[in-house]
Each structure stands twice: as C-alpha cells, then as structure tokens.
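Given chain C, work out where chain G should sit, using these hints.
Protein chains: 2
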Amino acid sequence: MTLAAAASLPLYRRLAGDYAQAMGLGTLQAGERMPSVRELMRRHQVSLSTALQMLRHLEEQGHLEARPRVGYFVRDARALDGVALTREPDLSQPVQPGAQAHFVGINEHISLLLERGRQAQVHLDVGGCTPPPELFDHRFLNKTVARLLREHPQLLTQGRSLLANQGNHPLFQQAMARHALAAGIRVAPGDVLATTGNSEAVSLALAAVAAPGDMVAVESPTYYGLLQVVESLQLQTLEIPCSPRTGLSLEALELAFQTQPRLKAVVVVPELQMPLGTRMPDAHKARLVALCARYGAALIEDDSYGLFVEGTQPVKPLKAWDSVAGQVIYCQAFNKSLAPGLRQGWMNAGRWHGRVQMLKFAQSRNTQTLGQLVVAELLGSPTHQRSLERLKAQLKQQREAMARLVARHFPIGTRMSLPGGGLCLWLELPEGFSSARLFGDALDQGIRIAPGSMFSNSGRYEHCLRLACTHPVDAAVEQALQLLGAMACQQLGQAPRG
Amino acid sequence: MTLAAAASLPLYRRLAGDYAQAMGLGTLQAGERMPSVRELMRRHQVSLSTALQMLRHLEEQGHLEARPRVGYFVRDARALDGVALTREPDLSQPVQPGAQAHFVGINEHISLLLERGRQAQVHLDVGGCTPPPELFDHRFLNKTVARLLREHPQLLTQGRSLLANQGNHPLFQQAMARHALAAGIRVAPGDVLATTGNSEAVSLALAAVAAPGDMVAVESPTYYGLLQVVESLQLQTLEIPCSPRTGLSLEALELAFQTQPRLKAVVVVPELQMPLGTRMPDAHKARLVALCARYGAALIEDDSYGLFVEGTQPVKPLKAWDSVAGQVIYCQAFNKSLAPGLRQGWMNAGRWHGRVQMLKFAQSRNTQTLGQLVVAELLGSPTHQRSLERLKAQLKQQREAMARLVARHFPIGTRMSLPGGGLCLWLELPEGFSSARLFGDALDQGIRIAPGSMFSNSGRYEHCLRLACTHPVDAAVEQALQLLGAMACQQLGQAPRG
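Protein sequences, first through last, are from chains C and G.
Here full-length UniProt numbering is used: the first residue of the first sequence is 1, the next is one more, and so on.
Here full-length UniProt numbering is used: the first residue of the second sequence is 1, the next is one more, and so on.
Read the hints as simulated data drawn from the structure, not as lab findings.
Check each hint, because a few of them may be wrong.
Intra- or inter-copy, both count: the list cannot distinguish identical chains.
[As the list claims (entries may be wrong)] Computed cross-link-like contacts, SDA-like style, restricted to lysine to any residue with a CA-CA straight-line distance of at most 20 angstroms:
hint, residue 1, residue 2
1, K264, P212
2, K143, Q154
3, K143, A183
4, K396, R67
5, K264, Q234
6, K392, I110
7, K392, R42
8, K143, R118
9, K396, P212
10, K264, A325
Next up, chain C with everything else stripped away, as it sits in the complex:
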C-alpha cells in the first residue's frame, strides 16, 4: 500500500494497520489481551465508534479473537499471515432462482464426485466432515447399550405398537424435551419426533411444507445434502447470500419473499453454518423468525452444529423466538456429536407436526428404538458432557492447526473462515483457481477434498473448497496440506510457499 493510499484510509483502518504491524513484529504477542475500548479511546483520543470499528476490523482480518464479556485477544497472526477472512457476499446482484440448467442435476453431480472418491485409493479424506471413531468414547457407548439391553430385554423384539406414540419412545421424547428446554425451547414431549439423522428430518419438513415446483430459500453456500434433498423433492432452490459474520442476508430474503410467491420455506443452520461456520447473532435470529412468520413461510432450522459451539455462552436456537406461530421446524441430529453409527436425530415440526408425523409414518414408519434410548440415556449424563467437551477441544486444536497449514502453504490471496467451533474450514482462493481441478489432482495423490461446486447450484464457488478438520493433524496431514497448497499455487502460477 502506498503512503498516499494509506493516508486516504479512514482513521480506524489506519489505527488497525498500526496494531497489525505491532502484531507482525511481535510487539503484541499471540494470546495477549488488547487494551479495552475505554483505554483505546483515551490512548488514541478517538471516539467510541472508531475504537469499536478498529477492533471489529482487526477481528474480521483474523488478527483478533473476541471472547464475549472478556475482551479481544491477539490471534497467532504470523501463522495466518497472508490469509484474510472470507469476503462478504456481493448483495448488488439480484437473487434469482437457479436457472433450469443449474438447479437440476446436483444429485447427479454429487453422486459422480462421491463415486470418483470411492473408486480412488484415498488415504486421507479431508472432504467428509464426520469425526473419526477415535474421537468418541466407544467403551462408554457400548456399555450403555449392554445395560439398556439388560434393563429392556425385549428392546429389539418389540415392534412399534400402533398405540404408543407412533414409534417415538416416551423416554426419548422426554429427554429431548428436557434437552430443548435447556436451550430455551419449550417442546411438549408428545411433539418430539425421532428421525434417522438430520437428512430425514429436513426431508420430511420440506415435503410437509412445499409441493413440487415450489421454492426453498437456502443459505449460499450451503451443505450439499440439502441441495440433494431439495432436488429429490422436485423443489427449486433460491440461494440467499450469506455473510460470514451474520449469516443469511435478511434484506435479500425479504426481497425474495416480495418477488417469489412460490417461496414456501427457508432452511437455515443458524449456529456454525455449514460450510461457512457462521454464528448468526441473536438479534438477526429474532428478525429472521419474525420475517418468516410475516410471510407465512416455514423456517426449517438445522441445529446439529449448535452442539459444537465453543465457549461457555449459551446457544439460543431460532426456535426459541418462535413462541406463538409454530413457524419454526426444529431439527437436530447427534451423529457427529454423540455416535455417528447410531444416526439418531429428532425434530419438532411446529404447526406442521401432524403432517410431518403422517409423512414419516408413510415413508419409513418408526425409527429404531435402541438409538432413541441410547441418546435419551447419554445426552444429559456428565460422562457424555465431558466427552463432548473433549471432542470440541480436540476439534478446536485441529481446526487451528489446519488453519495454520493453509496460511503457510496455500496461495497468496487465499481467504478463510475462522469459525467459533465446528468441523471444517471454508477456503476461498483467488479467481482463476479451480477446485474441481484440485479435486482430481488431489485424488490422484490419495487425498479427497470437497470442491466448492458441491455447495451451490449456482456455480459461484468453483474457486472455493471445504476442508474437514476432523483428523488429528499429524505428519501425514501436514504433508497433504503442503501438497494441496503447492498444487493450488501451481494452478495460479505462484511459486509454492511454506
């Protein structure tokens, strides 16, 4: 940046530059606490607004980390040198439903990618986001199963009685209602529906609220599984831009409601959005619920990742603001947090409860009882709580190690999400980079990544990719990231880094 250019910057940007430089020089060490807002105002003789803007800018640039109610702390800035945070979306483009050529075929596309992945000799999968079995406490789980079978010897031979809660075990229903209450949601146990993971829940929710040809607003980028469900049900996706800071753009969504009469539902991951890792601010959540209620649209909330939020602040789901209308369909799965092999989930379908129950009964009858009882038993137990905390700490460490490797090896100009929890990083590489090409090149080396094209029907994330942080970062992972980075640099005509 030239001196002239620097001089034309607003005051907060110039101050931020000074602090960033101090961090680069090691004057401010990683982990050190920043001066308070009051102290900054006094020291630099600036307004409250300038001090706050400066801190937020440094946070957005990845230099600072905010710890709620404590203050701002210096990140390991040198390690992330050259990597900026994910860009805000361009809201100047009108939101349009995907053209026919775009929104049809995501199932085909995903299937082909998965099939290629299966046929290759993959030795490192940084594409899929399920933690490996080592990160779970299988001994405790297996003991619990053994005990449940002793206590309920006929668990596996007892069919769903048509008389009892349509296959939803009362113990599971009670446990979920208690679990929800802790997050600020009031759900009657009888309104808890057990599901096979989260895909079934979201799929049932969409089938209940929309008919073929209807439109569903989704976050952009979004989890490819959702695009598949939407396509399977012959619905149309409407991709709403997502800010990496606040999530789904409410302005764009409101415009969509005003212009698209067939828009019947919105699917949102409010906490640790997949793949961006965004945590939607509470004020934003309240406005989103109100907006959907105003337009009579169903708000389908996937809260499976809320369980992975790091820190001690309570996580409040969208459903907590849905006090009257029953407009929010709440879905949560415990695959990734408790036991991937059980595939246990649940949902509360708000005012669509009857219709969802009917569809569930028609399409797959009841969900296996064993999984329901295991989750009911474990969810509130201190052993599981400890085990989840361990898992989160491990994931945080892995995520940060992966971020450092990306910063070290990936091309100059790479941007990255720095989520406050969760299982992945979202990378945005400079224009000209093709994640599809990297996908192929990496597979040849036995490494599987998830290319950006999986996360949208619009084709606008071709230069992006999702990197799973589910593996402990050992020498093999380090080597793989170095290799991926080098291949990406080569694509862009940059010299390999690191």
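Leaving out everything else, chain G in the frame of chain C:
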C-alpha cells in the same frame, strides 16, 4: 338348497356335497386323508377332471387342505361351519383410477383411525400385525449384539465413510446376496441397499420410477401403508382386483396398461399377500414379470411375507423371473420375522439402482450399521432358522384357532381367507355390515381391529376387516372374538352365535 337345485349342479359339485356332508357327520374325521385322485375316479366312475374339480372345490370351501406331493386332508370342517372362503373379485367392472375424492385423504383417514386407537384404552389389539416380543428369541438377539460390539468395538462411533458402499455394510451386502441366491435370485453384493424396514424401500422405489401425477397399480385390497406412501408421493393408485387364489388379475392389469399411459409401476406382494394371504402361483408370477417388462413398467415386489410361507416347498420371488431387464425392484424387511425393533430391510432396485441409491442418500443417508450386522449374522444361522420355524408353527396354530373362533361366533354368511401362512385373516361379512361401526364399538370395549376401509381408496371393503393372528389365543382372545362376533351379528339383525 332344494333337491331340484341340487340336481341341476354339475357332477363334481354334487360329489363334493356328499363328501362335505360326510365330514359334517363325522364319517370323515378332521386330519384324515382323502382318497387319491385315482381311487376317487375308480370309486365314483368319474373322469380325472371331475375328481380334480371336486377336490379343488372342497379345498376352496375350506373343507380340505392340500399338502403338496402328499394329498388332500380333511380340515376341522365342523369348526369352520358356515364360513366360506373369500369370494373371487368381480372382474366385470372396468378398472378405473380412484376419483379425486377417493384417492386423496387415505393418510388423513388412516391417521384418524390410528389416533382413535391410541386414545382408547386398548387391552387387545387384533388390528396391528406385528408378532409380540414373546414370540421372538430376545436372549439370542441380545447376545449377538453384545458379541458384535466386542468384535467391532467402534460400530456405533464409526460414521458412514463416503468411501465405503454409501453406508451399506459389505458383510450385510454379502449376506443378502447369499440369502437371495437361496431363493433363486442372483444379486451382486454391491447392488444390495440397506433400508429402514420395507416402507422406506417401497417409498424409494416409487419415488425413483414415478413422478407426481403418475399412476401406480396396487392389489385390491392392499396394505394401507402402501396407499399412504403412494399418496405421500402425490401419485395416483389404480386398484387391480385380486383373486384370493391367484392374486392380482393379469387381465385387469393388461387392460390398465393399454388404457392408462401414466401407469408407471405395479406394487405386488406375491407371497402371502397382505391382507388376503394369497400365494401367487409360479406360472402367474412369470406372466406378471413378462407383462411389466412388455409395458416398460417397474414391478415393485414386497417379499417380506415370503419368509412366513408354511411347508417345505421353496418360495420363488418374482425377481427370480427377472433375468434380463432388471424390471423388478425387490424389497424385503426382517421386522416381523427376525427383530421388530431393528427395522432392518434391504432392496435391489434392478435397473433403477443408481437412482434409488441417489434418493436414499439424499433423503436419509445411510442406514444404521448395527441392524445390518445383526441381520447379516443371524439370517443364515441354524438358531435363527429354528426360531423362525417355531414362530411359523405358533402363528399357524394361532391363525387356525382364530379361524375357528370366527366360524363359531361371526355372522352366517361370513367369508374368510385361509392363507398358507402369515399373520392375519381377512374377513368378508354380508352386505349391510359396517366394519367402521364395529371398529368404534370394539374400541369402546378395549379391542382394536383393522376395518376394511383401511385397505383401499375405493370404499369397496367397508363390509370387510383384517384380523391379526399374532397373539396366542387365550381366554381373553376367545372372549374378544365372541364379543366381536356378537356385535357383528347384532348389526346384521342375526342372533348371536356360538
């Protein structure tokens, strides 16, 4: 019957009448073997055809029981006095798709019936057809689970790897392929898809082969769950009359193909059709497969009840005739035969394999692994074989006891299916009887039945009902059947019997 009327009967009917009388008088005892065809020809100086016709007529009337390759035996005829076998369907009526008013709302209707059942104080459920837990070997099952968790300690913490068979465990795939081979079906292990019971399988199959507005031919009467799936997918049902002797009318189906261009699929339960209990003759199966191939329609085969066929003759699924086209989608669940609580099923989707796999992946991802391994482990084991034989023997005994109770207590003019296996009886009462009314009256007495209206969208089975034979017949069941019979007699203005 007057003498004149008797004289006008064909010879085989008169001879049959003589034998029926002999049985009524006890001259021929229950369990006694009938003379051979050769002996009958000699004794009555009749042709081979007359002797055979007489035997078949007596069998159809419920007087005789055929034991393959051994001969005909006298049933407990006095006990079934007054009860004839289910009538042949009236094929003179053209097959028409249900009127809008008919085919929409079955989900609503079923849900209301189930809800009423749930709210009542039911002490005997002869409506649902899942055997109670006592009829299964839960000790052996639980031991197997414990052993599997020892052998595969990470079974519950291992997520579906995107790299391995899309959530279908290789051991399960191999076991199903072996199991299928024993029934004369060649399936590559890789083409085995694990499903949650049978509802998911049939639902996926229909979603893969038909689009909203398309038509699906179903047996009439049929399992209400199928009507629900068809409606959920916004398809239209076309009810094809079923002979209680040979199953789905091929003539009616062919006519339907010729007149209904949107007819895309046929769903059939070829063995122990639900609710009629019909076993489709092999020649009929071959013609059905050929017919569907000729018209390019998918033939969806639900073979879950084939496992319940009694006797030692091998049971050959429709899929066994599907050697080239891949036109048959084979579905089988082990809920009712192995472990109701596991809800494990599988399917082979023939030439729609890719599409079904894609839909399954989109809608519910993989099926739990534990259930797959339990079934893989048990299906071929001698212990399970013995346990299944015990279950079948018990069901046979219960079914026959129920049939005797119906014969003793139900109105004169009641007709009944006498299936060669399975979990239920289908009753057809004289016109004027309302099973809906009996459903309500019975519920008030704590007894749940399945009224005929659940098994069709056409309203033509209002005078019918399905009676589950899953409970051991004790004094309570006897009393309940006496009560049901008395209520039915009262509806028809008959004096209570028995």
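Against the structure, the hints:
| no. | hint | in the structure |
| --- | --- | --- |
| 1 | K264 - P212 | both (11 angstroms within a copy, 18 angstroms between copies) |
| 2 | K143 - Q154 | both (17 angstroms within a copy, 12 angstroms between copies) |
| 3 | K143 - A183 | neither (28 angstroms within a copy, 38 angstroms between copies) |
| 4 | K396 - R67 | within (14 angstroms within a copy, 69 angstroms between copies) |
| 5 | K264 - Q234 | both (13 angstroms within a copy, 18 angstroms between copies) |
| 6 | K392 - I110 | neither (29 angstroms within a copy, 45 angstroms between copies) |
| 7 | K392 - R42 | neither (38 angstroms within a copy, 87 angstroms between copies) |
| 8 | K143 - R118 | neither (33 angstroms within a copy, 34 angstroms between copies) |
| 9 | K396 - P212 | neither (41 angstroms within a copy, 46 angstroms between copies) |
| 10 | K264 - A325 | within (15 angstroms within a copy, 40 angstroms between copies) |
Of the numbered hints stated above, those contradicted by the structure are hints 3, 6, 7, 8 and 9, listed in ascending order.
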